[in-house]
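**Q** So the protein sequences, as listed, match chains A and B. By the numbering used here, the letter at position 69 of the first sequence is numbered 69, and the numbering carries on one by one without gaps. By the numbering used here, the letter at position 27 of the second sequence is numbered 27, and the numbering carries on one by one without gaps.
In case anyone wonders, no lab produced these hints; they're calculated from the structure. The structure presented is a predicted model; accordingly, all values stated were derived computationally and were not measured. Hints may be right or wrong, so weigh each one.
To be verified - Below are the DSS-like pairs computed for lysine-lysine, each with C-alpha atoms no more than 30 Å apart in a straight line:
| hint | chain 1 | residue 1 | chain 2 | residue 2 |
| --- | --- | --- | --- | --- |
| 1 | B | K6 | A | K38 |
| 2 | B | K6 | A | K51 |
| 3 | A | K10 | A | K122 |
| 4 | A | K38 | A | K142 |
| 5 | A | K51 | A | K38 |
| 6 | B | K6 | A | K125 |
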Amino acid sequence: MGAVTYPDTKVIGFISENMIPLQVLFDAQPLSTDFNIKWTPTLITLDSEGKEHHRTVGFLSPDELIPSLLLGIGKSYFETDRFEEAIESLERLLREHPNSDAAPEAIYLRGVCRYKSTNDPKPLKEAYEQLKAEYPASEWTKRAYPYRLL
Amino acid sequence: MENEMKWETDMDQALARASSESKPVLLDFYNPG
């Protein structure tokens, strides 16, 4: 990450604009124990209370890190019931990084956010149909499979 | 645009900035090799 991804100008710009970057050694205590760190790199998205919302383990290229972080930001909003802000982050991910590994989960989570903010189940079915059409092999298509019946 | 990442190294400082700037924290556990 330090040799390839973090020096990338797009990555620097995205993180500087959207997040507070905090870097610690894998065995730094008490954080390593608190977050149960077993391998590196481990990247975690936290809210301002220090609560974890998203985690990845392993190398991510610049083109995969930015959408992964957008997913983490979206999950941070989702898990604090800020659905409109979550949807904004997820739609930015899908607009700017539609071919990224994070895109299928973003479609799934956007459908859930739309459902939870409206109580209308239609967005869940729409999420499944989009996943089936655009990412048929994704695990998120399988997870959305029951929504075909809504 | 900045040409290098400006990492925080202290959790409390990072969380204080996260609160004041309304941004989440990216916490990176790394191994310098």
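**Q** So which of the earlier hints does this model not fit?
**A** 3 and 6
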